[in-house]
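Enquirer: Here's the letter readout for the chains.
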Amino acid sequence: MKVTDKDVAYVAELANLELTEDERTGMLRDLNSILEYIDRLNELDTSDVLPMAQVSDRYGVDESRQGSARFAYASREDILEGLRKSLPHEEALANAPDADDDFFKVPKVIER
Amino acid sequence: MDLNLLTIDAARTAVQERKTTALALAEAHYARIKQEDGQIGAFLTLSKERALEQSDRIDRMAAEGKTLPPLGGVPVGIKDVMSTRGVRTTAGSKILEKYVPPYDCTAVARMEAAGAVVLGKMNCDEFAMGSSNENSAYHPVRNPRDLNRVPGGSSGGSAAAVAADMAVVTLGSDTGGSIRQPASFCGVVGLMPTYGRVSRYGLIAFASSLDHIGPLAKTVKDAAIVLRTIAGRDLMDSTSADVPVPDYVAELDKPVRGMKLGVATEYFGDGLDDEVRQAVETAIDKLKGLGCEIVPVSLPHTPYAIPTYYLIATAEASSNLARFDGVRYGHRARGVKTLSEMYRRSRDEGFGAEVKRRIMLGTYALSAGYYDAYYLKAQKVRTLLTRDFDQAFRKVDAIVTPTSPTAAFRLGEKSNDPLAMYLADIYTVTADLAGIPGISVPCGETKEKLPIGLQILGKHFDEGTILRVAHAFEQG
Chain A
1384 MKVTDKDVAY VAELANLELT EDERTGMLRD LNSILEYIDR LNELDTSDVL
1434 PMAQVSDRYG VDESRQGSAR FAYASREDIL EGLRKSLPHE EALANAPDAD
1484 DDFFKVPKVI ER
Chain B
2 MDLNLLTIDA ARTAVQERKT TALALAEAHY ARIKQEDGQI GAFLTLSKER
52 ALEQSDRIDR MAAEGKTLPP LGGVPVGIKD VMSTRGVRTT AGSKILEKYV
102 PPYDCTAVAR MEAAGAVVLG KMNCDEFAMG SSNENSAYHP VRNPRDLNRV
152 PGGSSGGSAA AVAADMAVVT LGSDTGGSIR QPASFCGVVG LMPTYGRVSR
202 YGLIAFASSL DHIGPLAKTV KDAAIVLRTI AGRDLMDSTS ADVPVPDYVA
252 ELDKPVRGMK LGVATEYFGD GLDDEVRQAV ETAIDKLKGL GCEIVPVSLP
302 HTPYAIPTYY LIATAEASSN LARFDGVRYG HRARGVKTLS EMYRRSRDEG
352 FGAEVKRRIM LGTYALSAGY YDAYYLKAQK VRTLLTRDFD QAFRKVDAIV
402 TPTSPTAAFR LGEKSNDPLA MYLADIYTVT ADLAGIPGIS VPCGETKEKL
452 PIGLQILGKH FDEGTILRVA HAFEQG
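From first to last, the protein sequence lines are chains A and B.
Per our numbering, numbering through the first sequence is continuous, rising by one, with the last residue being 1495.
Per our numbering, numbering through the second sequence is continuous, rising by one, with the last residue being 477.
For reference, chain B alone in the conformation it holds in the complex (with noise of 0.2 Å):
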């Protein structure tokens, strides 16, 4: 039995029938996070001593003959964007350089407290904002299946990691895209839920209305797993909804016959990229093979997403990110003489390029004489956005779209052009500003190996159909 792997029931049953221990899973995946993460970068801190607390807290109970939880043993990471108790948390940003969560993020809390060990935190780009990985304040990560290439971002180090057997699951976050895109740059599954479904409690905030956190997985079934485990209500996060949860696992087994899927020629245009565009196309042969039909749908406002996306998401990160002002935490600069030039100063010093243009241009769009321009019309767009999806999914279950307009991209290649980065998630950032969720699956890879993602999108709190469809896909 290789221990690198083990899918989260595998690595459950394994340690609950005695044929190994936590221990030796976490072992293992440490030796291989020593061996492989040198030169690709997923981790940024290691949890050795939590990890160990947790492997044999299940190691006595599988020695005692409990029913171990589900994801009893398994080893995980989290992204550095998510508080984690006595655990440096930096969300890949200097000014968090030494900062010590005094609490848990509630989706992390809920990880353990069904069993998982937290291995370490998953490098980022700085507060998620970014599509490669690149704006990490630390170091890039490079994707396992080609280190000249990104992984995609936000969630680089999350989904490296689950792709480079560095971890069995991983927690991102996702924001624009930055669960999915990186996602299908790796190779493995990523699911972003519903908003609201899983609580942000001690997520660090990019932009309250559109962060999501969900997980990177090697299956369908695994994300599955890990989504049951952290959704519902949470008494901490009045955006958390009082939804109930289904069983996700049980979902996945329905059959997928009869089920409409919608395909929306707007994401199919200029900037797709043909090998992308080919692999997609047959995925949508495959989905039709299994019973499903196709029918065509119609989302026009697509092309406004991007800018609607960015001044949403900048105007509130303008907000978010003033709480970094070095009194209470984070990064202070020294030599200073009065209170305002220690906030610019130490400011000035922590945040990253990237990071600051968003602060600006949030800044800039919620000014006095721009708001309505820009922060209003982009609040106007979204609703139209929104309707879309609204009206395509009064004739569909679910709707099939590529992931990313191209595979993953080179180190360097669009990191001096920012609005080139930001089209990179023009396939994605639609999803995050209505709410609904999606996930992406491996669906074949280009002449150069480089995998490519299938997106598949579904209605408000109907995870378990696109986990569904993405489960008939991957095993058929």
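Isolated chain A, as found in the complex (with noise of 0.2 Å):
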């Protein structure tokens, strides 16, 4: 077994997620036979190859610029003009499950 209680409830809460005991042991037993199949990458060597982030990396760019300059396409002008304007702060609060008439609200934070 590669992962243990220890690892389920330490990345759990890297994720910001509690899960009650049941949905630990499901965890466990889940993450365990996904990873065990996964292992089977290692019978790839890799140590030569490039890692592929995005697909962007490989098509529509320009192959002779270098760095960011290859990624040109992927910017714009900062202009209001055809773009969405910014949401009024009525229509931004609108969904928040707690708001004043500018803010979002959340627990308190710091203790006084």
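Hints in this document: simulated from the structure, not taken from any laboratory.
One or more of the hints may lead you astray.
[As the list claims (entries may be wrong)] A few chain B positions that, by computed beta-carbon distances, are all more than 12 Å from chain A: (1) Gln17; (2) Asp57; (3) Pro71; (4) Asp248; (5) Glu276; (6) Thr283; (7) Pro297; (8) Ser347; (9) Thr364; (10) Leu412; (11) Ala435; (12) Gly445; (13) Glu446; (14) Glu449; (15) Gly477.
[Stated by the list, open to error] In the DSS-like style, the derived pairs of lysine-lysine whose C-alpha atoms are separated by at most 30 Å in a straight line are: (16) B/Lys448 x B/Lys289; (17) B/Lys450 x B/Lys287; (18) B/Lys338 x A/Lys1488; (19) B/Lys20 x A/Lys1491; (20) B/Lys261 x B/Lys396; (21) A/Lys1389 x B/Lys99; (22) B/Lys99 x A/Lys1488; (23) B/Lys20 x B/Lys49; (24) B/Lys396 x B/Lys287; (25) B/Lys381 x A/Lys1468; (26) B/Lys415 x A/Lys1491; (27) B/Lys99 x B/Lys20; (28) A/Lys1468 x B/Lys450; (29) B/Lys396 x B/Lys255; (30) B/Lys95 x B/Lys415; (31) A/Lys1491 x B/Lys450; (32) B/Lys338 x B/Lys95; (33) B/Lys95 x B/Lys67; (34) B/Lys95 x A/Lys1488; (35) A/Lys1389 x B/Lys338; (36) B/Lys381 x A/Lys1385; (37) B/Lys415 x A/Lys1389; (38) B/Lys20 x B/Lys35; (39) B/Lys49 x B/Lys35; (40) B/Lys415 x A/Lys1385.
Positions of the beta carbon are idealized from the N, C-alpha and C atoms, including for glycine.
Since each chain sits alone in its own frame, please combine them into the complex, following the hints.
Expert: Encoded structure:
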């Protein structure tokens, strides 16, 4: 078993999940079974292979350019015309579980 | 004229020529939904007000003798992962049960600008995570061909609605096969365009380097019309490609004679159902009969696609879903005392089992000490998988495969075994990883009358070719 109870608790904390006792037991079983299957990737020697983060690294880019210049197509002028305008306050706050006229409200973060 | 059996052109022409109205079309589809959807479950929300407003606009245009846009009056459905201004958008999750977006997804806006009438929002697996639509937090979707079977996923509602004539076309999303696999299970056409071909602005993100929007339709031509409508650069999505959009409809009637089609043994190995194999082999023979040349190709890294996909997709999902914290939108747990307790409990209560599983796997793969062994390793194998296609496409114009190893399975059959469920995507995930386009077209049925799909994969930004092959196959 690769993943232990302790790992599940630690990863849940990183992911801002709590999980019930039952969920943790199921998670332990499922993660180990999936990771065991994933281990087949180690059959491949990838020491000379470059990682691929996204498809746009490889297609539609100007190969003669280097670094961020290759992705020039992805940038645009900082304009308002033709783009969506900023949302008015009340619209931006309309879906909030708790808000006043100006702000999202959350439980107190700092104790006095 | 049966208003529920029209293609896009037939519907638009009927409205244009005043043989029917956009309103009558919408009402016929709502009637069908009322009659059928109680048992199928394809819709999560109906947007009647919006649909009536749009059909009224189209009917006035027709009455004034103005030429209708390409989708004028055509009733459509939108997968519930795409934002619709003023219409509830849940992503199939309880965490967004009451979420009403303040803006429209670009693809939806382009559909409406082209005259489409949005009937409502389609059921799907929660955050598009699933292959059977059983992970919807609301209710599963049932396959219209056999109500004991799944429609596939995650765009199960989108596929079922088209199959049951509750919409002319729908939009779905595909991250690992979520358009093509349900299209195959329900016997409709499903097209995943090239990565970057269609803007994702307003699509609720699952895995950003893999997410695509595309159509599910009754015919290849309808899929081509929708792609032509939604494709192209969008300033609101920096990953949308600045590549000219050809007239995909005009591509359809170009000849396929002499075209080279690759067949890879890796897609016909263990786990492929015999009836599916037979149907796909018959389909390949038919394409040969149409003058295509069949060329063997090798995609040797195919067996590594599923593990690669489930590391990359979950890693990206764990990051994308961090935004659901109960602050700006979505569910917030009651009675919490601290901010951190609010985050944890809101997410615990709002997310379903599969979403939590994927967030956990992705967080684990990205965590200190495991990043190189899992996430980085998967990114490197992604390069190898993509190179396989690069090499194959030097020899062939397109590649034909089964869409899924089996026809639609029974509800509950795989829901307790995540790994078995993941393997339903074995023939579809690699195209998402490589960013190439793919289409599924119906190619027969099993003895139990369940649809089988033929998948055609193409080169980057070469949707024209796969649409052309699919169209020739469909018509031939």
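Enquirer: Within 30 Å, alpha carbon to alpha carbon, are B/Lys20 and B/Lys35?
Expert: holds, 24 Å
Enquirer: Is the straight-line distance between the alpha-carbon of B/Lys381 and that of A/Lys1385 30 Å or less?
Expert: holds, 22 Å
Enquirer: Given the hint that A/Lys1468 pairs with B/Lys450, does the C-alpha gap stay at or below 30 Å?
Expert: Outside the cut-off at roughly 51 Å; violated.
Enquirer: Taking only the CA atoms, is the gap from A/Lys1389 to B/Lys338 under or equal to 30 Å?
Expert: Cα-Cα ~26 Å, so holds.
Enquirer: Beyond 12 Å from chain A, beta-carbon-wise, is B/Asp248?
Expert: holds, 20 Å
Enquirer: Taking the minimum C-beta separation from B/Gly477 to chain A, is that value above 12 Å?
Expert: It holds; B/Gly477 is separated from chain A by about 31 Å at its closest Cβ, greater than 12 Å.
Enquirer: Examine each Cβ of chain A, and state whether all of them lie more than 12 Å from the Cβ of B/Glu276.
Expert: At roughly 26 Å from the nearest Cβ of chain A, B/Glu276 sits farther out than 12 Å, so the non-interface label holds.
Enquirer: Could you grab the alpha-carbon distance between A/Lys1389 and B/Lys99 and see if it respects the 30 Å cut-off?
Expert: Distance ~35 Å between A/Lys1389 and B/Lys99 Cα, so the pair is violated.
Enquirer: With the threshold set at 30 Å, check whether the alpha-carbon distance from B/Lys450 to B/Lys287 stays at or below it.
Expert: holds, 20 Å
Enquirer: Would B/Ala435 pass as off the interface with chain A, using Cβ distances and a cut of 12 Å?
Expert: Violated: least Cβ distance 7 Å, not greater than 12 Å.
Enquirer: Can we trust that B/Gln17 is non-interface, i.e. its beta-carbon lies farther than 12 Å from all of chain A?
Expert: Holds: least Cβ distance 30 Å, greater than 12 Å.
Enquirer: Hinted pair, alpha-carbon criterion (30 Å max): B/Lys95, B/Lys67. Please report holds or violated.
Expert: Not OK: B/Lys95 and B/Lys67 at ~44 Å, beyond 30 Å, violated.
In this structure, the hints that do not hold are numbers 8, 9, 11, 19, 21, 25, 26, 27, 28, 31, 33, in rising order.
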